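> Let chain A serve as the given structure and place chain B on it in line with the hints.
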Amino acid sequence: MSAATAATIGTSPGRSAVVLALGRTLRTWRGGLSALCLLAVVAAALLAPWVAPYAYDAQNLQATNQAPTLAHWLGTDEFGRDVLSRIIVGARTSLAVAATAIGVSVLVGMSLGAAAGYFGGLFDRIVTAVVDLTWSFPEVLIALMFVALMGAGLQATMVAIAIAYLAQFARLTRAQVMGIKNETYVEAAVNLGAGHLHIVFRHLLPNAITPVIVAGMLAVGDAIILEATLGFFGLGVQPPQPSWGAMMSSGTAQIFLAPWTILGPGLAIALTVVSINLFGDALIEALDIRNRLRDS
Amino acid sequence: MLVPVFLAVSLVIFMLVHLVPGDPIDNLLQIGSSPEQRAALVARYGLDQPLVVQYGVWLRQLLAGDLGDAIVLRQPVTELIAESLPHSLLLGGLAFVFSAVVGVLAGAVAASYRDSALDRGVMAFILLGSTLPSFWLGLLLMLVFAVQLEWLPVSGARSWSALVLPVLTIGLHGVALVARVTRAAMLDVGRRDFVLMLHAKGLSHSQIQWRHVLRHALLPVVTILSLRIGWIVGGAVTIEFVFARPGLGSLLITSINQRDYPVVQGCLLMLAMAVMLGTLLGDVVQAAMDPRVRDSLK
Numbered sequence: 001m002s003a004a005t006a007a008t009i010g011t012s013p014g015r016s017a018v019v020l021a022l023g024r025t026l027r028t029w030r031g032g033l034s035a036l037c038l039l040a041v042v043a044a045a046l047l048a049p050w051v052a053p054y055a056y057d058a059q060n061l062q063a064t065n066q067a068p069t070l071a072h073w074l075g076t077d078e079f080g081r082d083v084l085s086r087i088i089v090g091a092r093t094s095l096a097v098a099a100t101a102i103g104v105s106v107l108v109g110m111s112l113g114a115a116a117g118y119f120g121g122l123f124d125r126i127v128t129a130v131v132d133l134t135w136s137f138p139e140v141l142i143a144l145m146f147v148a149l150m151g152a153g154l155q156a157t158m159v160a161i162a163i164a165y166l167a168q169f170a171r172l173t174r175a176q177v178m179g180i181k182n183e184t185y186v187e188a189a190v191n192l193g194a195g196h197l198h199i200v201f202r203h204l205l206p207n208a209i210t211p212v213i214v215a216g217m218l219a220v221g222d223a224i225i226l227e228a229t230l231g232f233f234g235l236g237v238q239p240p241q242p243s244w245g246a247m248m249s250s251g252t253a254q255i256f257l258a259p260w261t262i263l264g265p266g267l268a269i270a271l272t273v274v275s276i277n278l279f280g281d282a283l284i285e286a287l288d289i290r291n292r293l294r295d296s
Numbered sequence: 001m002l003v004p005v006f007l008a009v010s011l012v013i014f015m016l017v018h019l020v021p022g023d024p025i026d027n028l029l030q031i032g033s034s035p036e037q038r039a040a041l042v043a044r045y046g047l048d049q050p051l052v053v054q055y056g057v058w059l060r061q062l063l064a065g066d067l068g069d070a071i072v073l074r075q076p077v078t079e080l081i082a083e084s085l086p087h088s089l090l091l092g093g094l095a096f097v098f099s100a101v102v103g104v105l106a107g108a109v110a111a112s113y114r115d116s117a118l119d120r121g122v123m124a125f126i127l128l129g130s131t132l133p134s135f136w137l138g139l140l141l142m143l144v145f146a147v148q149l150e151w152l153p154v155s156g157a158r159s160w161s162a163l164v165l166p167v168l169t170i171g172l173h174g175v176a177l178v179a180r181v182t183r184a185a186m187l188d189v190g191r192r193d194f195v196l197m198l199h200a201k202g203l204s205h206s207q208i209q210w211r212h213v214l215r216h217a218l219l220p221v222v223t224i225l226s227l228r229i230g231w232i233v234g235g236a237v238t239i240e241f242v243f244a245r246p247g248l249g250s251l252l253i254t255s256i257n258q259r260d261y262p263v264v265q266g267c268l269l270m271l272a273m274a275v276m277l278g279t280l281l282g283d284v285v286q287a288a289m290d291p292r293v294r295d296s297l298k
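Read top to bottom, the protein sequences are chains A and B.
Read left to right, the first sequence gives residues 1 to 296 (this note's numbering).
Read left to right, the second sequence gives residues 1 to 298 (this note's numbering).
These are computed hints drawn from the structure, not numbers from a lab.
A portion of the hints provided could be inaccurate.
Claimed, not checked - Quick list of the computed label-pair ranges, beta carbon to beta carbon:
no. : chain 1 : residue 1 : chain 2 : residue 2 : range
1   : B       : 105       : A       : 180       : 48 to 56 Å
2   : B       : 12        : A       : 78        : 33 to 41 Å
3   : A       : 202       : B       : 206       : 55 to 63 Å
4   : B       : 159       : A       : 238       : 31 to 39 Å
5   : A       : 108       : B       : 61        : 33 to 41 Å
Unchecked claim - Now the stretches of chain A that chain B is said to cover, found in silico as 3 or more residues with beta-carbon under 8 Å:
no. : stretch
6   : 125 to 137
7   : 162 to 174
8   : 221 to 231
9   : 256 to 269
10  : 273 to 287
Claimed, not checked - Here are some chain B residues the structure puts well away from chain A; computed CB gaps all over 10 Å:
no. : residue
11  : 60
12  : 116
13  : 118
14  : 119
15  : 275
Just so it is clear, the structure is predicted and the values come from calculations on it, not from any experiment.
In this text, a Cβ means the ideal position worked out from N, Cα and C, and glycines have one as well.
Isolated chain A (complex conformation):
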């Protein structure tokens, strides 16, 4: 019997505890509703070229700063571009940047945290010191530091976001690994002659990964806000490529003329982030891991 089948004993065959918890989450009203909203946002982002009513860069200088009408549901901006279309195309940037950056951040942070927790010693002390140092700093300040280094743009935004959240995942994984590395099944694996890599990847990470993934999911929401904030500062994705933050930034100059250019992208951010938080919260309940998230 392989280790993988041994791990699933106790639950119904072929289905892990995570899949069962996902099912339970989707059946609560908060989980179901927020999943539906997220699905809509992701679908809009993926299908942007087909569902957007206009091209994101199609200017119409005869119809600038128009209030919402039937032709333009969310109005037009200072160049007569359709706000709704730009929000839909902007969803691609926001979601892709946030998800990629957090994905990288989780992978790197998890590796650092797992190695630090498992091996201990000097490496652990260095990682812990760096993590503690960055922990008290606001993410926006860390991100600004790296944007200052790399210059404005898509790449810098991704790197800045990935680094800003690194400490969180390293800290969380380290705490999980420290909690389980002295369990008897790990000791048994050591006594049976298992190598370090085998222990970390087959025994420690599978048991430590769930809270980290959930924390990562919640962090995608924060990362969307951070991406929008950098875009708002004019340091994110550069025009004409639309992004929610940059749209609101140019809307601020028009706050008296065309307030809908601020309201639309803001609502898109709020809907996405609130959905992510509600879904994550319902998932935490279903998985019963609130304590494991709080411990670190």
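The following block gives chain B in isolation, referenced to the frame of chain A:
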């Protein structure tokens, strides 16, 4: 502890800003300048020295209170920071007091009228306040109170009334956080034996909640406030920019856009110091409040 952390942070900030690809000298040169004129400018700002030497010079000047001259703004960085720091301190300080006072009150009300409509209202506000992006909240407040109702100025820092919206924007996030912690802590304390004893003695519900439970519950609130002081600093950076207020945050973002290294360094350093000093101050206040922590230090 503060000195090695300060050295580490200063080194990181110095390295970061000096690895930047863009060159501020290019912004200063007139079109058609000769390479010799360029070399003279580079030498004047010491950019031709090895990095270690530049760091040493920078650190020595820093300890003497000299942060160098701004390349684009052509003014001592210390002067620029001295001009913007009071604005940031005022904004951050007011936002901090607002979040602490209103947050504790809201949390305490929610906890002592648990499961009432009031409690649910506070909880809904907490959810909204902690998830909405702060700069959008700022823009919404601006739209309602400055553009539509015309009660308050849209931006700037010319009058005291211009402070209201920025303080509210940063503060609402803080209120949500503080209210959540206060409520949870009070519900936790409410389950302890001494509270049962107070009930048995015949004290009224509100007397117990406000005079006894709240005092015990304040400790975790102070811990959270001191841990999250950096987040007030981060909020101030963002919100200053939204409301076009002078301050360290606005100065930092403008300087990043103009690639003005010395100013970026100075601002990042000041903001980092603010975070570190704030956290330290929080520890001190916590020790002063809790006899157990105080005794363990002796």
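> All hints, please: hold or fail.
Consistency of the hints with the structure:
1. Taking the beta carbon of each, residue 105/B and residue 180/A are about 42 Å apart, not inside 48 to 56 Å as hinted.
2. For residue 12/B and residue 78/A, the Cβ-Cβ distance of about 40 Å falls inside the hinted range of 33 to 41 Å, so the restraint holds.
3. The supplied range of 55 to 63 Å is met by residue 202/A and residue 206/B, whose beta-carbon atoms lie about 57 Å from each other.
4. Here the CB-CB span from residue 159/B to residue 238/A is close to 36 Å, well matched to the stated 31 to 39 Å.
5. Taking 33 to 41 Å as the suggested C-beta distance range, the pair residue 108/A and residue 61/B conforms, at roughly 35 Å.
6. Interface restraint, the stretch 125 to 137 of chain A with chain B: holds (3 residues with C-beta to C-beta distance below 8 Å; minimum three).
7. Look at the stretch 162 to 174 of chain A against chain B: 0 of its residues bring a Cβ nearer than 8 Å to a Cβ of that chain, fewer than three, so the hint is violated.
8. Residue count for the stretch 221 to 231 of chain A with a Cβ under 8 Å from a Cβ of chain B: 4. That meets the three needed, and the coverage hint holds.
9. With 6 residues having a Cβ less than 8 Å from any Cβ of chain B, the stretch 256 to 269 of chain A passes the three-residue criterion, so the hint holds.
10. Counting residues of the stretch 273 to 287 of chain A whose beta carbon lies closer than 8 Å to any beta carbon of chain B gives 3, which meets the minimum of three for the stated coverage.
11. Listed as outside the interface, residue 60/B is consistent with that label: its C-beta sits roughly 23 Å from the nearest C-beta of chain A, beyond the 10 Å cut-off.
12. Non-interface call for residue 116/B relative to chain A: holds, since the shortest CB-CB distance, roughly 21 Å, exceeds 10 Å.
13. At roughly 22 Å from the closest C-beta of chain A, the C-beta of residue 118/B stays outside 10 Å, upholding its exclusion from the interface.
14. With a closest Cβ-Cβ approach of about 18 Å to chain A, residue 119/B is found to remain outside the 10 Å limit, as its non-interface label requires.
15. Listed as a non-interface residue, residue 275/B fails to keep its Cβ farther than 10 Å from every Cβ of chain A; the least gap is roughly 6 Å.
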